[in-house]
Amino acid sequence: MSEHTLHVKVVTPDGVVFGHETASLVVLDTINGEEGIMANHSPIITSLHIGEVKVINEEESYKENITISGGFAEFSDNQLSIVSDSAERTQDIDVKRAERAKERAEKHLAASDTSDTERAQAALMRAVNRIHAVTGNK
Amino acid sequence: MAASLQDIQRRIASTKKTRQITSAMQMVSTAKLSQIQRHGGSYTVYADALHDVVAHLATAHINNVSGTLLEQRHVSKVGFLVLSSDRGLVGGYNSTLLKELMARINERQLTPEQVVILAVGGNGADFFKKRGFDVAYEYRGVSDVPTFTEVREIVKTVTTMYDNEVFDELIVGYQHFVSRISNEVHLEKMLPVSAENLEESKDDNKYTADYEMEPSAEQILGVVLPQYAESLVYGAIIDAKTAEHAASANAMSSATDNAKEIIDSLGLQYNRARQGAITTEITEITGGMAALD
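Residue numbers (our numbering), protein chains in the order written: chain A, 1 to 138; chain B, 139 to 431.
In isolation and in its complexed conformation, chain A is listed as follows:
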């Protein structure tokens, strides 16, 4: 590992779904807006939005987008761990499934009583997030 790269891993309940040894820049979608993390950043813990994480290494012209559903990121010793409920690489997302989920959530929101609203809203956000990640029209 060179001095200007950091190690990223994305951890979900189903295990480590993504890992990259040599990232030069990772862009996180934090509660306070987007934030880039490069090697030798000071240790930080930050909570994340339902959104995308971009892992970039320009020298290797490597770029990977990972869609996550919230959670938090922890960075120390050039190790970045992103801990989230669920995460998938944007290229692996099944858009049709996400669209179905979106419809379902919208129907729930329209019909449901108050008890369900929060969950339906979260589901809707997840679905929309997935679709946006793929189609790119944010």
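These are calculated hints, taken from the structure and not from any lab test. Watch out, some of these pointers could steer you wrong.
Below are the DSSO-like pairs computed for lysine-lysine, each with C-alpha atoms no more than 27 Å apart in a straight line [said to hold, decoys possible]:
#1 B:LYS215 - B:LYS237
#2 A:LYS9 - A:LYS63
#3 A:LYS9 - B:LYS294
#4 B:LYS155 - B:LYS170
#5 B:LYS237 - A:LYS102
#6 B:LYS294 - A:LYS96
#7 A:LYS107 - B:LYS294
As the structure is a prediction and not an experimental result, all values here were calculated from the model.
Knowing the structure of chain A, use the given hints to seat chain B on it.
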């Protein structure tokens, strides 16, 4: 005599069929067991990461906990999350769990009004309904190797109910998987998240750096704690399922052994009866000859 010979033969045949079924079920359970053990391994990575961060945050900011899951409320109702199996054929898996739970409820002298039951698995739900407890939530049909997406609904419901003060303390009762041949009933208090639990493993906490917090430690704690609580419940569900598969594999293996014993003893009976029949025939023939002479 001939009729009983046929009877024994029929019993042998049917026991053999039973044995075939139980041994197949044993193999299926064993396969599921190793599958879920693999899955459990990858979950541990996630749980550890969460635990370490929560422990780090909580020990540093333990004084400022009101409004979070760390806050100790006055307990007027106790929630019990019961992780039992849907099916039978798992030996003492459900009965020992339910017995321990009842013992705990009696020990704390809780009336049914002070108890809220959340049942995952049909056995537990039916048991507590029959005894007049308030079963506030019921979920059947957890799959053999539950994924987080699948149990998210259960987990979210439980934490939401706690937030809405349906109960003020959550105890999760499940069979903990010890080894392939033994389980252990665990009754764990998971909510509110207790500081002792977190500090237990402080020594091997790898997150010792002096962190910047964004936005603030309290806000991060507010996000991470629910996620941590969810991961605890999910972990318990995985553990319980692992134990269930082990219990089922065990029950089926002893059933197969029993069937084998029965077949052996029936075989002995059959041979004895056959001998008896032959002896009677010979006596009859010689008796007939003696009469002719």
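Notebook entry, point to check: Given the hinted pair LYS9 (chain A) and LYS294 (chain B), is their alpha-carbon gap at most 27 Å?
Noted result: 25 Å, holds
Problem set entry | Given hint LYS96 (chain A) paired with LYS294 (chain B) - CA-CA distance at most 27 Å | Between LYS294 (chain B) and LYS96 (chain A) the Cα gap is close to 25 Å, so the pair holds against 27 Å.
*Keeping to a limit of 27 Å between CA atoms, is the pair of LYS237 (chain B) and LYS102 (chain A) held or broken?*
44 Å, violated
Pair hint outcome, LYS9 (chain A) versus LYS63 (chain A) [Cα-Cα no greater than 27 Å] | 15 Å, holds
request  = Mind checking the alpha carbons of LYS155 (chain B) and LYS170 (chain B) for me, to see if they're no more than 27 Å apart?
outcome  = With a Cα-Cα distance of about 23 Å, the restraint between LYS155 (chain B) and LYS170 (chain B) holds, given a limit of 27 Å.
* Pair hint LYS215 (chain B) and LYS237 (chain B), alpha-carbon separation not exceeding 27 Å -> 20 Å, holds
Discussion item. Just to be careful, I want the Cα atoms of LYS107 (chain A) and LYS294 (chain B) compared with a cutoff of 27 Å; is the pair within it?
Written reply: 20 Å, holds
Checked against the numbered hints given earlier, the structure breaks only hint 5 and satisfies all the rest.
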